[in-house]
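J.: Using the hints provided, position chain B with the ligands relative to the given structure of chain A.
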Amino acid sequence: MKPLPTPRSVDLNITNRCNLKCSYCSHFSSGSDTGTDLPLEEWLRFMEELNKCAVFDVCLSGGEPLFRKDFRQIVEGVVKNHMRFSVLSNGTLLTGELADFLKSTGRCNSYQVSIDGPGPEAHDACRGKDSFEKALRGLRILLKHKLPATVRVTIHKHNVRQLDEIAELLLEDVGLPSFSTNSAAYMGLCRQNEADVQLNMEEYSCAMEKLLKLANKYNGRISANAGPLSTVRYWMNMEKSIKNGIKSRTGCGKLTSCGGVLSKMAVNADGTMVPCSQMPHIRLGRINQDDLREVWQNHPELKRLRERRDIPLETFEHCQGCEYIPYCRGGCPALAYNLNGEENVPSPDACYRVFKEAGGKLPKLGVCRT
Amino acid sequence: MKKIPFANPEIVYREDFDDWAVLFDPDTAETYGLDETGSFIWKQINGKNSVADILQAMPAEFENISDDAGSQIEKFLGEMEEKGLIGYRK
Ligand code: SF4
Ligand code: SF4
Chain A
1 MKPLPTPRSV DLNITNRCNL KCSYCSHFSS GSDTGTDLPL EEWLRFMEEL NKCAVFDVCL
61 SGGEPLFRKD FRQIVEGVVK NHMRFSVLSN GTLLTGELAD FLKSTGRCNS YQVSIDGPGP
121 EAHDACRGKD SFEKALRGLR ILLKHKLPAT VRVTIHKHNV RQLDEIAELL LEDVGLPSFS
181 TNSAAYMGLC RQNEADVQLN MEEYSCAMEK LLKLANKYNG RISANAGPLS TVRYWMNMEK
241 SIKNGIKSRT GCGKLTSCGG VLSKMAVNAD GTMVPCSQMP HIRLGRINQD DLREVWQNHP
301 ELKRLRERRD IPLETFEHCQ GCEYIPYCRG GCPALAYNLN GEENVPSPDA CYRVFKEAGG
361 KLPKLGVCRT
Chain B
1 MKKIPFANPE IVYREDFDDW AVLFDPDTAE TYGLDETGSF IWKQINGKNS VADILQAMPA
61 EFENISDDAG SQIEKFLGEM EEKGLIGYRK
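In the order they appear, the protein sequences are chains A and B.
So for the first sequence, my numbering puts the first residue at 1; every next one is plus one.
So for the second sequence, my numbering puts the first residue at 1; every next one is plus one.
Don't read these hints as lab results, they were simulated from the structure.
Check the hints yourself; a few may be wrong.
[Said to hold, decoys possible] Simulated coverage check for chain B against chain A, where a stretch passes if three residues somewhere in it have a Cβ under 8 Å from a Cβ of chain A: (1) 12-20; (2) 24-30.
[Claimed, not checked] Distance condition first, Cα-Cα at most 25 Å in a straight line; then the derived PhoX-like pairs of lysine-lysine: (3) A:K52 with A:K21; (4) A:K361 with A:K240; (5) A:K52 with B:K3; (6) B:K43 with A:K52; (7) A:K364 with A:K240; (8) B:K43 with A:K80; (9) B:K2 with A:K52; (10) B:K83 with A:K103.
For each residue, glycine too, the CB sits at the ideal point set by N, CA and C.
This is chain A alone, in the form it adopts within the complex:
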């Protein structure tokens, strides 16, 4: 598939810093944790280049983007350069005044707050004392100002048994239209805190079953691009395909899971251009020194990641003889790198055969004891 001539959207990790230090944070201790924040002028200059490249949206993240004192000026730079923005935030630093400002721009696509529990216990276990109350207050400010608030629930050992209560809080008490889910993945700080944070096989299976039921109960108001809900749907589709005699699924049989490198890229807080926030170790150039269009179109590392989509799964020893090849897309390259040390291989995290061989069962088999 041909990439676009320039990225359509760019993720800007505008700061390395954060007021929290969550035990599964994918930023701290990863390649994006560079210790340097670019000055405002550099971001503003880069936004002019984004405008020249006709980039439509940026995603402002970090660290915690609101930790920057000049966050407002950064948003003004986005608006001045004809773009829209979304924000990924822990929600704890948001004030009514800032929400007023964000609303007044008319350019906010979404403002995502992380909420991990129905109350302080499960949320603060990984995110630190008082962070639940502050995040919930931030979320309520967004709603009060009619900003497009979204919530991401990251599932880990401390909240996996409370998914019912979390859904009730967010969809019934707070009244959000929907929320998305993920699970703590083997990246950043999670690599050090794996035992305390990451779901084991039984917990992962339990989360899959529970989330499927909840997504059904709340009529699709719970979504996922990664983690247990997304994975269970993907694997159930594989089983369904085999059962229904479908020989293969479009786009499957090769490493096609990630389309990110065809339409978007990211920038670390120190100005290093990278293919994706989750692949901060692949350094493509430096903003305001290297030409964005040139990097996007010709950097050999981006070409290598794009060529991934043409690599058949059957060429991997790992996949030899697997009956799921015609329905498999190989998973996220960033996770593959974190687990295997290279990107252009299937990610063991998304491998149904590995899951089954380790005793994992899909929900209909009733593994969840909660």
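T.: Chain B with the ligands only, in chain A's frame:
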């Protein structure tokens, strides 16, 4: 009197694939696809060219201009005006 179209300065013009382009309105988040002819017309809208000027520039770019090309351009510009993508100087 000549009608001179001008582009809404907020609109972003983006060429994605051969001969196809997209107009993006950052205030509404709406996108509008343009084919080769639409792209050509958009590039002619500079606040100076009139509709007649745009029509006159077309044969250098396209073969087989139809007899009603003028009214087609007017119609296309009318739609763009409705969507807030352009305005007119008189
Ligand atoms: S590398 Fe992974 S996280 Fe990044 S865009 Fe691709 S699939 Fe998504
Ligand atoms: S072995 Fe795993 S990654 Fe390979 S095709 Fe089978 S399910 Fe997919």
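J.: Where does the structure disagree with the numbered hints, that is, which hint numbers, in rising order?
T.: 3, 5, 9
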